[in-house]
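Taking the working numbering, the leading residue of the sequence shown gets 9, the next gets one more, and so forth.
The set of hints was computed from the structure by calculation and includes no laboratory data. From the three backbone atoms N, C-alpha and C, an ideal C-beta is built for every residue, glycine too.
Derived CB-CB ranges, DEER-like:
no.	residue 1	residue 2	range
1	Val44	Gly108	16 to 26 Å
2	Thr148	Pro34	32 to 42 Å
3	Gly61	Ser95	18 to 28 Å
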Amino acid sequence: MDRIIAIASVSLLLAAPVFADGHRSPAPDGARAYIVSPSDGDTVTNPVTIVFGLEGMGVAPANVEMENTGHHHLLINTDPATLDMESGLPATDEIVHFGGGQTQVTKELPAGTHTLQLLLGDWTHVPHDPPVLSEQITITVN
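Take the sequences, apply the hints, and build the full model.
In structure tokens, the structure reads:
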């Protein structure tokens with residue numbers, strides 16, 4: 009019986025997905041994330057459609073390990089310097105995950121001024137090395 013439990017335990021460990029373990033997938037030279045729209049300084053109304061762009065890499069869903077790919081995370085009013093780039097990004101209202109490989113979102117944002125920025129994560133939500141981070145834009149929602 010102990011042997012069956014041991015074999016079952018090892019099988020479960022081998023079958024379990026691997027999550028952020030301090031690894032960082034390399035980003036190819038010249039890889040770039042950017043926000044297609046809205047543009048920096050735009051005044052918009054709800055719901056806001058944000059279109060993501062990516063050059064030099066491909067988009068793949070989370071949990072799909074493929075070289076030179078990742079999925080988007082939208083940083084809303086978030087300073088990337090406050091993030092742990094060695095670990096999986098947390099999912100919050102300010103760090104929105106697009107693990108399905110989405111390349112745009114239509115979202116309600118509170119009225120006021122907001123910063124938006126994209127950060128690509130690998131198959132385990134860990135930012136690449138170096139981080140593939142868009143320029144930060146500022147929009148105003150009426």
